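Novice: Sequences and hints are given; from them, build the entire structure.
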Amino acid sequence: MMHRLAVLILAKLLRIVVVMAGVVTIVFLLLRLSGDPVSAVAPPDATVDDIAALRKAYGFDQPLHIQYVQFIGNILVGDFGTSFQYSRPAISVVMSRVGATMTLAVLAMAISIVIAIPVGFICARYRNRPFDHALVGFAVLGNTAPTFFVGIVLILIFSVWLRLTPTSGSGSFAHLILPVATLAVASTASLLRMTRSEVLEVLGKPFVRTARAQRLPRIRFILAYVLKNAAIPIVTLAGLQFGVLLSGAIVTETVFGWPGIGTLALEAISRRDYAVVQAVVCITAFIFVALNAVIDVVYQLLDPRIAVE
Amino acid sequence: MSGVSLDIAAQGGEATSSRRFGPLNAFFVAWLLLMLAAALFGPVLFGDQAMQQSLGTRLKPPGAAHWMGTDQVGRDIFARVIVGARPTLVIALFGVLAGMLLGTVTGTLAGYFGGAVDRVCMALVDVKLAFPTILFAIGVIAVFGTSTTILVIVVGLTGWVTYARVQRSVVLKVNAQTYIEASRAVGSSHLRVVCRHIIPNSLSPLLVVASIDLVRVILLEASLSFLGLGIQPPTPSWGGMINSGRSYLETAWWICVCPGLVIMMTALSISRLGDWLRDVLDPDLS
Amino acid sequence: MQPARTDSRRPDPAPVASGYSLIVRDLHVHLRSRHGTVHAVNGISFAVKPGEILGIVGESGSGKSVAMLAVMGFFDREAARLISGSVTVGGTEWRELAAPDPWSSRSPELAIIFQDAVSSLNPVLTVGSQMTDTLMARQPKSGGGMPRPAARRRAAELLDLVRIPDAARCLDLYPHQLSGGMCQRVMIAMAISADPSVLIADEPTTALDVTVQSQILDVLLEIRQRTGMSIVMISHDFGVIARVADRVQVMYAGRIVERGGVDDIFSRPQHPYTRALLACSPRIDRGEQASQIIPGAPPDMRLAFAGCPFAARCAEVMGVCRRDEPALRPVGSGAVLERYAASCWLPRIADAGNGDGR
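Chains as they are written, first to last, in the working numbering: chain W, 1 to 309; chain H, 1001 to 1286; chain E, 2001 to 2358.
Quick caveat, the hints were computed from the structure, so don't treat them as lab data. Treat the numbers as computed from the prediction; the structure is a model and nothing was measured. Hints may contain errors.
Some chain W residues flagged as far from chain H (calculated, every beta-carbon gap over 10 Å) [stated by the list, open to error]: (1) His3; (2) Ala11; (3) Gln85; (4) Thr103; (5) Leu135; (6) Ile219; (7) Ile234; (8) Pro259.
Simulated pairs of lysine to aspartate or glutamate, EDC-like, Cα-Cα distance not exceeding 20 Å [said to hold, decoys possible]: (9) E:Lys2049 with E:Asp2264; (10) W:Lys12 with W:Asp79; (11) W:Lys228 with E:Asp2172; (12) W:Lys12 with W:Asp303; (13) W:Lys205 with E:Asp2076; (14) E:Lys2049 with E:Asp2263; (15) W:Lys12 with H:Asp1126; (16) E:Lys2049 with E:Glu2078; (17) W:Lys12 with H:Asp1118; (18) W:Lys205 with E:Asp2116; (19) W:Lys56 with W:Asp79; (20) E:Lys2049 with E:Glu2093; (21) W:Lys205 with E:Asp2264; (22) E:Lys2049 with E:Glu2338; (23) W:Lys205 with E:Asp2101; (24) E:Lys2049 with E:Asp2195; (25) W:Lys205 with E:Glu2078; (26) H:Lys1128 with W:Asp79; (27) H:Lys1060 with H:Asp1048.
Ideal Cβ positions, reconstructed from N, Cα and C, are used throughout, including at glycine.
Specialist: Structure (structure tokens):
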């Protein structure tokens, strides 16, 4: 068992390295494609000499492949460049804002799981009854509403009309409610539908009939015989949902003025602070890839039928 | 028949037949036809009305004169929504096609040639999936600009993965059939095998993916326009209208809500019709 | 259909006197499906004595499996448009046959094993977990629950009983790590763990190869010998039936077309369908191969039809066969639910009994 776990983890680590190499390469290429990168990092009032000095300092005067090697080298020690907006290393700017975004994403994910899995199970159990139809209907609406629109409607209802919550900003629990709720809508909807369909699929399997004949206690039946079998695809989807949540967080932060990496990235892109953009993209990608790797390991441990690759 | 009924009975019965077309689906089709008509004829019929500012009729609520009210410079929102259908639908449809093209080519290469080619393609898939979609989109747009072509390409780039996966599994399944070996033994070229055998088998799964993708793309385009990175003013866009209406949420909520409802309605119609299509084509496809 | 009763169970007036471990009366099951309502079971009645093995034979679609699943209580109102009749087990009669509980079965006295044993076990739990779950869940006849270590010991004992080598190791394995034959033994062990009075075996050997088939049948016979448990053996294979059954019941189109002792059925079958089936079945116990198939196909169970369901394929069909459905007429003497009977208009059958009906 331990041996199997060790091999799994090693394989996942290798995967992470390969993928991140690809990510970093693409970021490098995109940046170089945007035109003369120096003019991007130079302040507007730079003189010709300033520009030449900057070019040398950043290594932009070197051939492309040397730049690439330097780039990789820098990243490996966490140097993404210096943000000219904040006059700090880009990585420290990003890390100071990551927490805010993760808070939104993690809370939204937790709420989704807590709501969607039991409700999805109930929908499957009471398939085709009014409850099921109503909830699947809500879930469909939840999936077809753009996240930013959900945010705006929630602001309209709860901040403007009901005056229960602030319209934007951060800093208190009240500020947290709407952004988290907005993010949670889409992922709850997806998880609910997925749970419902996976549970239905499990309920149609032959071993469920055997379990009925075994006359097990209901809770044990539902947990160990139904949900444990449905868990694998659900866990996989939950992992993917986190990536969607990160994406959604970027837009949601804009709607609510939430100081996370979403607003940071948009601001950095419009101001052409490429150091920050690089840092945001790479770190976000890394979080996502690492999370997926963890999910993969958990998933393989859950199902004893999966062999090690 | 006994086996069939046992499985069905074990699942608790098929109380509803989801293959029925139904009045609701007819409504969705009607809506989409309306959107299509708006895309085709909207700019011609409502173009002027959509641009006409009139400070005297600012911020009017929905009523008889203006079905969706007016915005902060007096423009009729209904007209703007109609005119905004074209850019959205153009980007959505061509974006889906772009993604489908890129995805099916990659998937076919991966499944057909296998080995190293397959591994490279799947690694590309993993790399693409590592980027959060919006971040990827805004990154590319920041570099390359916001022309329609770029937007179509970006949208395609964000969605090709599912097509690639589906196509790859179709190719693997078809390749495993013995008649392919026979065909190859007779001397059929790769292209012939692809056209004759692979494409007919992948049409139906790809169509299913496309219907789901189309929903995603419409929502993505709306988000990009909302962020100011999609369709640029003065062309009206649904997402852009919602963005400009944000400051007026308290006084004129309809500026945000009406375009938003139109987006939802369109996405909902495509989603439900896609579900119906899936049930008709193959009820076992999840 | 019986009117719904608030108390759907009442003591059977003559359980002890009749001495049956299972009585099924006038069972009808109509299932909902994507293609319409399937009239899977159309009024069957039968009984099984303690220690007796009743074989139920028929082609697929004959309703034999559906009938026993209905007896177990697996169909709810949503799956079954109609489910009526009564089931008497262990002195209690149930007249409301729709499953009240989606997580349980009708009675702990009824146990069931299925054809595909590997798929019929929970793939994510070990054999030991599943067996201890079963043992700890049942109230053994002596009363009280069972602590886990005791349950594990008992599980190992049961696995020994079904002749699994190295029972202790088997407890820690997952179903996919076992062969079909081993899984079937595990299923049998689980099924008998709470001392049921009736074990329903739905094609338990069909998916297994011949030597393993034989071993599984031996296990079942041995258990019957030891515990006096009744077995309802469903199979389309006459070889299996010939090997284990005491009495046989032939089903077609959701009806019983012939019933009797195993020797009677095999040596002088009355109903044309039984004869045709016997003529074209490979007899593994006799080493024969299949010789022919019965022409035609079973009727479409979604449609109601008049007359005998076998009329379209019967070599001895008569005019009356297409108009009126024959009742189950006794050919021999004895208790109604046990005696030799067949449902056919042929004079040799109709005249032999006194037309008591079902």
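Novice: Would the least Cβ to Cβ distance between Ala11 (chain W) and chain H come out above 10 Å?
Specialist: holds, 13 Å
Novice: Straight-line Cα separation of Lys12 (chain W) and Asp1118 (chain H) no greater than 20 Å?
Specialist: Within the cut-off at roughly 19 Å; holds.
Novice: Please verify whether Lys205 (chain W) and Asp2076 (chain E) have alpha carbons no more than 20 Å apart.
Specialist: Satisfied, since the Cα-Cα distance of roughly 16 Å is no more than 20 Å.
Novice: Given the hint that Lys205 (chain W) pairs with Asp2116 (chain E), does the C-alpha gap stay at or below 20 Å?
Specialist: Within the cut-off at roughly 11 Å; holds.
Novice: Is the Cβ of Thr103 (chain W) more than 10 Å away from each Cβ in chain H?
Specialist: holds, 16 Å
Novice: With d taken as the least Cβ-Cβ distance between Pro259 (chain W) and chain H, does d exceed 10 Å?
Specialist: Check passes; 17 Å lies beyond 10 Å.
Novice: Given the hint that Lys228 (chain W) pairs with Asp2172 (chain E), test it: the Cα-Cα distance must not exceed 20 Å.
Specialist: Holds: Lys228 (chain W) and Asp2172 (chain E) sit about 18 Å apart, inside 20 Å.
Novice: Is Lys205 (chain W) close enough to Asp2101 (chain E), meaning Cα to Cα at most 20 Å?
Specialist: Cα-Cα ~17 Å, so holds.
Novice: Confirm or reject the statement that His3 (chain W) sits farther than 10 Å, beta carbon to beta carbon, from all of chain H.
Specialist: holds, 25 Å
Novice: Does the no-contact call for Leu135 (chain W) survive, Cβ to all of chain H over 10 Å?
Specialist: holds, 15 Å
Novice: Hey, Lys12 (chain W) versus Asp303 (chain W), does the alpha-carbon distance stay inside 20 Å?
Specialist: holds, 17 Å
Novice: When you check the alpha-carbon spacing of Lys1128 (chain H) and Asp79 (chain W), does it fall within 20 Å?
Specialist: violated, 23 Å
In this structure, the earlier hints numbered 10, 16, 21, 26 are contradicted, and the remaining ones agree with it.
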